[in-house]
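Novice: From first to last, the protein sequence lines stand for chains W and U. For the first sequence, our numbering assigns the number 36 to the initial residue and increments by one for each residue that follows. For the second sequence, our numbering assigns the number 9 to the initial residue and increments by one for each residue that follows.
Because the hints were derived from the structure by calculation, they are not lab data. If you're wondering where the values come from, they're calculated on a predicted model, not measured in any experiment. The reader is advised that the hints may include incorrect statements.
[What the hints assert, rightly or not] Selected chain W positions facing chain U (Cβ under 7 angstroms, derived; list incomplete):
#1 P57
#2 N58
#3 F143
#4 G147
#5 M218
#6 R271
#7 W303
#8 L307
#9 E311
#10 D325
#11 G343
#12 E344
#13 S362
#14 K370
#15 V373
Note that CB positions come from ideal geometry on N, CA and C, so glycine has one too.
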Amino acid sequence: MALLLLIFSIAPPTQVQAIDKPNDAGSAILIEWELSKDDETIEKYVILRSTLPDTISEKIGSIIRGNNSFEDDNTDNEKQYIYTVAAVKDDATSYSMPSDIVQSSPQFFNTGRTNILVCILVFTMFLALFVQRARIGKKLFVRKIPGLDAVEEAVGRATEMGKPILYIPGLGDIDWTATIASMNILGEVAKKIARYDTPIIVANRWSVVYTVSKEVVREAFIEEGRPDRFKEDYVRYLTEAQFGFAAAVNGIMLREQPATNFFIGRFWAESLIMAETGAQTGAIQIAGSDSVLQLPFFVAACDYTLIGEELYAASAYLSREPLLMGSLKAQDYGKLIVFVILILFMLLSFFNINLLYLLEVQ
Amino acid sequence: MKRRIPLVICFGIGILMLAQFMIPHPISREFGSTVNKWYIVLAAFALVLAIGNLIRHHSTKIRRKKTDWPYSIVTLSGMVAMSIIGFAGGIDPDSLYQTIYLNVLAPLGSTMFALLAYYMASAAYRSFRARSLEATLLLAAAFIVMIGFMPFGQYISPRLPAFAEWIMKVPNMASQRGIMFGVAFGSIATALKIILGIERSWLGGKK
Numbered sequence: 036m037a038l039l040l041l042i043f044s045i046a047p048p049t050q051v052q053a054i055d056k057p058n059d060a061g062s063a064i065l066i067e068w069e070l071s072k073d074d075e076t077i078e079k080y081v082i083l084r085s086t087l088p089d090t091i092s093e094k095i096g097s098i099i100r101g102n103n104s105f106e107d108d109n110t111d112n113e114k115q116y117i118y119t120v121a122a123v124k125d126d127a128t129s130y131s132m133p134s135d136i137v138q139s140s141p142q143f144f145n146t147g148r149t150n151i152l153v154c155i156l157v158f159t160m161f162l163a164l165f166v167q168r169a170r171i172g173k174k175l176f177v178r179k180i181p182g183l184d185a186v187e188e189a190v191g192r193a194t195e196m197g198k199p200i201l202y203i204p205g206l207g208d209i210d211w212t213a214t215i216a217s218m219n220i221l222g223e224v225a226k227k228i229a230r231y232d233t234p235i236i237v238a239n240r241w242s243v244v245y246t247v248s249k250e251v252v253r254e255a256f257i258e259e260g261r262p263d264r265f266k267e268d269y270v271r272y273l274t275e276a277q278f279g280f281a282a283a284v285n286g287i288m289l290r291e292q293p294a295t296n297f298f299i300g301r302f303w304a305e306s307l308i309m310a311e312t313g314a315q316t317g318a319i320q321i322a323g324s325d326s327v328l329q330l331p332f333f334v335a336a337c338d339y340t341l342i343g344e345e346l347y348a349a350s351a352y353l354s355r356e357p358l359l360m361g362s363l364k365a366q367d368y369g370k371l372i373v374f375v376i377l378i379l380f381m382l383l384s385f386f387n388i389n390l391l392y393l394l395e396v397q
Numbered sequence: 009m010k011r012r013i014p015l016v017i018c019f020g021i022g023i024l025m026l027a028q029f030m031i032p033h034p035i036s037r038e039f040g041s042t043v044n045k046w047y048i049v050l051a052a053f054a055l056v057l058a059i060g061n062l063i064r065h066h067s068t069k070i071r072r073k074k075t076d077w078p079y080s081i082v083t084l085s086g087m088v089a090m091s092i093i094g095f096a097g098g099i100d101p102d103s104l105y106q107t108i109y110l111n112v113l114a115p116l117g118s119t120m121f122a123l124l125a126y127y128m129a130s131a132a133y134r135s136f137r138a139r140s141l142e143a144t145l146l147l148a149a150a151f152i153v154m155i156g157f158m159p160f161g162q163y164i165s166p167r168l169p170a171f172a173e174w175i176m177k178v179p180n181m182a183s184q185r186g187i188m189f190g191v192a193f194g195s196i197a198t199a200l201k202i203i204l205g206i207e208r209s210w211l212g213g214k215k
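Modelling step: build the complete structure from the supplied sequences, incorporating the hints.
Specialist: Encoded structure:
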């Protein structure tokens, strides 16, 4: 009889450890165990929990064989728990030894994001350094960006032709960094427009972007001392529908025949529909986006394209403000550091040293 | 004062949201969630202004009989009709509002999207005229990738599909990642410049 029991019994999971889930808002405990020696023949592991001082265990979940961890995301931060894991096969169940007492708690710092914090601090240091250097009058070299040099020409052309300028601040809402960068560029473009007294049409997809761009254009006119020249109709709200917006922009291009089109911001599949229509109307087109997938379409259909980081450099480049120029240098040094880290990690990988986990973000 | 208050608000909220990203505590999450709710409320107010702009623009166009003014009647009628239908009959899956949305607006959007194929052909024709070294390279790369990914490609050379894949995975991916690094640093720089008040173009200038 004892021999039969030994044959049909299964080995229990061992080394059950329960820990408070790190870097979370509490209410979660991680349970890990060593697999049963009969892992290949069992069906599943059942996880049982008892809440102290009560010693009765309740089943809180199960997981198929081969897995050695489970997350209990339904705990009370005030209470203490003990976990047991059971290996189950048909009618046979084999229980592990209980875990130590564990309690969940919320954390005040996500250590899985330390690398981001370090990155931001280093970058802020560079930013402060170069802004300070710019403040004391040090000359900073910035390479030529043809797309931005063409802005003056594009505004001038529209003025000579007596036609409006169309500015699309992308189809992203205000929480996209590209839209914010676009607002900064719009401010600079609007100042030139106010100087030349050229009409502008800013077509918006989102209501918040509409209100922000309206204020940006209005402020630019005030800055140039021509608040009376600003017209409410310069900044328009069209629609939130992606392709409805593209259709409306195409309609503006074909009806009002702008001499210059700016496509600056975040774009999706509609990019080519708008840019190609603009090209067919004969307008000078300047595009800028951080959307890698849309850049080839803009390169194909526009006269100038600001690629990726050039979009974020545009405001500094156009205003030539020393403080903003300093920030461009900080970006360059940031990239240099990334380049050095990449080379270093690559060399270390030749010696089987993998430090990629340092770059992981939780 | 008109400039200082927005700058102070921007700095304060910017730093708090940065801290919120680093702190997983429920208080921090609650703060993040509250700020997002504020954004929704602000967006609702902004929508009133935006719709006001839409109505003003199109009614002026109709009044002055500007080019293609009848389309403005369609726009305003559509907006008013959909608002009435939505308020009166609700927006449940079986409602008239949803029926119109799914059977009129969605197909119209799909039609616009479908036009993309023609725009692509037109843009490709212009780009692929080998007028410069860059255009020639673009033409050559596109030709190899297109032929390589077609079933026909392997009959020209059994190595062509692998070469096309290499172009996509190595030079193409390398340049995409380069752009993405630049974008990441540009995003951080833009955010920091605005939070620290270095970038003030959105307020009209440096003063």
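Novice: State for each hint whether it applies.
Specialist: So, going through the hints one by one against the coordinates:
1. P57: violated (9 angstroms)
2. N58: Since the shortest Cβ distance to chain U is 6 angstroms, the answer is holds.
3. F143: holds (5 angstroms)
4. G147: violated (9 angstroms)
5. M218: holds (5 angstroms)
6. R271: With a minimum Cβ separation of about 6 angstroms from chain U (threshold 7 angstroms), the hint on R271 of chain W holds.
7. W303: Violated - the Cβ of W303 of chain W stays beyond 7 angstroms from chain U, reaching only about 10 angstroms at its closest.
8. L307: holds (5 angstroms)
9. E311: holds (4 angstroms)
10. D325: Constraint on D325 of chain W satisfied, holds at 4 angstroms.
11. G343: Holds: closest Cβ of chain U sits about 4 angstroms from G343 of chain W, inside 7 angstroms.
12. E344: Holds, about 3 angstroms.
13. S362: The hint holds - S362 of chain W has a Cβ within 7 angstroms of chain U, the shortest such distance being about 5 angstroms.
14. K370: Holds, because the Cβ-Cβ distance from K370 of chain W to chain U comes to roughly 6 angstroms (cut-off 7 angstroms).
15. V373: OK, holds: V373 of chain W within 7 angstroms of chain U, min 6 angstroms.
When held up to the earlier numbered hints, the structure conflicts with 1, 4 and 7 and fits the remainder.
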